[in-house]
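Take a look at the letters that make up each chain.
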Amino acid sequence: MTTRILALLTLAILSPLGWSRTITLTAEDSDQMAIISALAPRLSWAGVAHGPYVYDSGPQAYLLPKKAILIRFPLDKIPKDQRILKAELVIQPTYVAGAAKIQVRRLLADWGTGVCHDFARTWPKKVEWSQPGGRGALTDRANKDSALIPIHLRGEHTAEVTEDVELWYTGGAPNRGWIMNLENDLGAVYLGSPHNPSQGTGKTWKLIITYEPQ
Amino acid sequence: MGSSVSRVYPRGSEYLTRWVYTSLWLMTSFPKVPYSMRYDLLFLLLAAPGLLHAQPQTTLVVRPGTLPNLVPVMADKARCVALSEAHKLLAFGHDRTYPDADLSLFTLDAKGMPSPAAVTINLPCPSDLHDKKVGNYATGLAFHPKLPILYVWQDINLAWINPPKLDKEAKEFDHLLIYDVAKMPPKLLVQMCRDREVLYGQNGGGLAVDPAGEALFVPNLRESSNAGSWRFGRYLLDADGLPQVLGDEEQKLPIAERCAKIHEWKTEKVSAPADKTPPDFVNMFAGNFFGSAMSMTALGRDVCLAGGVKGIMTYRPNDKAAALNGLAVKGHTGTMMTVHPALPLIFAVRVQSDFIACVQHVEGYLTGVPRHWVLPETKLLSTGLAGKGKVVAGAVSAVYVVSFNDNFEPVGDAIAIPINAPAGVRAMVYSQAFDLLYVGTDLSK
Numbered sequence: 001m002t003t004r005i006l007a008l009l010t011l012a013i014l015s016p017l018g019w020s021r022t023i024t025l026t027a028e029d030s031d032q033m034a035i036i037s038a039l040a041p042r043l044s045w046a047g048v049a050h051g052p053y054v055y056d057s058g059p060q061a062y063l064l065p066k067k068a069i070l071i072r073f074p075l076d077k078i079p080k081d082q083r084i085l086k087a088e089l090v091i092q093p094t095y096v097a098g099a100a101k102i103q104v105r106r107l108l109a110d111w112g113t114g115v116c117h118d119f120a121r122t123w124p125k126k127v128e129w130s131q132p133g134g135r136g137a138l139t140d141r142a143n144k145d146s147a148l149i150p151i152h153l154r155g156e157h158t159a160e161v162t163e164d165v166e167l168w169y170t171g172g173a174p175n176r177g178w179i180m181n182l183e184n185d186l187g188a189v190y191l192g193s194p195h196n197p198s199q200g201t202g203k204t205w206k207l208i209i210t211y212e213p214q
Numbered sequence: 001m002g003s004s005v006s007r008v009y010p011r012g013s014e015y016l017t018r019w020v021y022t023s024l025w026l027m028t029s030f031p032k033v034p035y036s037m038r039y040d041l042l043f044l045l046l047a048a049p050g051l052l053h054a055q056p057q058t059t060l061v062v063r064p065g066t067l068p069n070l071v072p073v074m075a076d077k078a079r080c081v082a083l084s085e086a087h088k089l090l091a092f093g094h095d096r097t098y099p100d101a102d103l104s105l106f107t108l109d110a111k112g113m114p115s116p117a118a119v120t121i122n123l124p125c126p127s128d129l130h131d132k133k134v135g136n137y138a139t140g141l142a143f144h145p146k147l148p149i150l151y152v153w154q155d156i157n158l159a160w161i162n163p164p165k166l167d168k169e170a171k172e173f174d175h176l177l178i179y180d181v182a183k184m185p186p187k188l189l190v191q192m193c194r195d196r197e198v199l200y201g202q203n204g205g206g207l208a209v210d211p212a213g214e215a216l217f218v219p220n221l222r223e224s225s226n227a228g229s230w231r232f233g234r235y236l237l238d239a240d241g242l243p244q245v246l247g248d249e250e251q252k253l254p255i256a257e258r259c260a261k262i263h264e265w266k267t268e269k270v271s272a273p274a275d276k277t278p279p280d281f282v283n284m285f286a287g288n289f290f291g292s293a294m295s296m297t298a299l300g301r302d303v304c305l306a307g308g309v310k311g312i313m314t315y316r317p318n319d320k321a322a323a324l325n326g327l328a329v330k331g332h333t334g335t336m337m338t339v340h341p342a343l344p345l346i347f348a349v350r351v352q353s354d355f356i357a358c359v360q361h362v363e364g365y366l367t368g369v370p371r372h373w374v375l376p377e378t379k380l381l382s383t384g385l386a387g388k389g390k391v392v393a394g395a396v397s398a399v400y401v402v403s404f405n406d407n408f409e410p411v412g413d414a415i416a417i418p419i420n421a422p423a424g425v426r427a428m429v430y431s432q433a434f435d436l437l438y439v440g441t442d443l444s445k
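Chains as they are written, first to last, in our numbering: chain Y, 1 to 214; chain R, 1 to 445.
Take these hints with a grain of salt, some might be off.
[What the hints assert, rightly or not] Examples of chain Y residues toward chain R, derived with CB under 10 angstroms: (1) D56; (2) Y62; (3) H195.
[What the hints assert, rightly or not] Chain Y stretches covered by chain R per the calculated footprint, using a threshold of three residues with CB under 8 angstroms from any CB of chain R: (4) 30 to 36; (5) 110 to 121.
To be clear, the hints were calculated from the coordinates, so they are not data collected in a lab.
In this text, a Cβ means the ideal position worked out from N, Cα and C, and glycines have one as well.
Model the full assembly from the supplied sequences, consistent with the hints where possible.
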């Protein structure tokens, strides 16, 4: 009996200190998203072209040359005073053509309402990207890749993004999310749209974070 | 109904609370629970935060209350409404089950209060359809912003099938009606929009005129070659508020002659507008019973926001890059929306859903991720504004009021106001000039 009580107490005392936790965020948790395109330079939601001059937020997100997906995962689910052990970004392409590699970079610019290919935001006032499409290095986005994901097959692809999540969590840089585009604008990748509330493809976009108390 | 203290919960928090309390209750209330099971419970208790999965929506507490600027208007079985502040007129469209009239027109006094009695109108319907008791009803109303002109979109209670069965009488049913409301009773100037490019049998279909009065956006059109490919469109309006469908010379004729020419034109040609949304087939316009655009707001002659079965759409007839853009909102049903006049906000209600979707746009460009403000155990039917920082949603026998702050987040409790509308509050409109919210209610029996 005493042993059991001691074990219970030990567990209760040590568990918050020593146990690592893993949380999975999906695009349904995301608070900022956009799919921008040079072909429709004022749209925030140029996810898929159903036909000539018709763009929609879903159900697919076509990652084609001169397009980009912007997504921010809020990190407020992680309690204070934790250490980020690992963070993985998981995407699930449904189609690939050519030698497509998805380039993932941290966004630096303060993008938001009205974001599109031409502007980082258009409300309350218009703010241009330093380079259209948010591709300006060191101004719009980081100058190095957080991840480069070669896409050869359909199915889940995972990229380690621990450094970015740690940077955001510790306040080393504001969390403005990632911009994802095709490296050198080559190939084509189709994904379930991160914003597709009726069909739930947002759940295929995952940010899996493992942390432990410091 | 809860307390007056505002509570805003992220989804999932209620489950955590239940989880913790249930676990503690089990741990403490049952002395006979084996210790090994208590360890399991303790483990689950400690692990609970890691199992949480939150979603970006806010569930509001609903409590009874009042809205001082709400004006009930006796418009039985009201299903649509339009307001003209310029001409101090309020028009309600009735459901087809209301036997006395299809439209009721109320005049507003200097303080914006509606007249006790309304001028009623029965909408024209081919006699064959009328005799068969098919029933016609208005789905959308819009006033010209400057002229005393009322636009009406009406439909008939015939089932839409693919391919459509166009009986002679259905072919001759005019969906768009244009009334001169300068004098009472109103005078029907033009009736048009018929035949194979127009959908029938729809439960919804909005209308919108732009603030300058240069364009009229109309719903429920289709590709003539494909009954499953839906669309909506635009007529440019002339200086008298009539659609510009005639040639340059005919366009110079006096208004009475132009109306006669439009009648000739519609019987000779397809009378759907030349400007229509690009073909989309079933993506944004998946088959439904709410029409291609259940609600509409024109921001300008070249920009129209519309609520469709997938969510919100923007139509820009002259945009060569993106004439039609869609942003999905949760659910697959009709969308009633209202556009804030100053903020970049659209409030949308999915018919029979329990949330108000707060969608952002800038100059009609849809942007951001819709936020869902959940009103538990409701089935919402309509939406509107009710003054600065207040949005309203109509449901069966109630209107709900939600206040929001400068960050476009809901604040405080939602207020439930009982309304005598057993079929649901579907027609309400806010007047900025009078700071009044007009709500169509049934007559007390």
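Checklist entry - Can you name, in rising order, the numbers of the hints this structure does not satisfy? => result Violated hint: only 2; rest satisfied.
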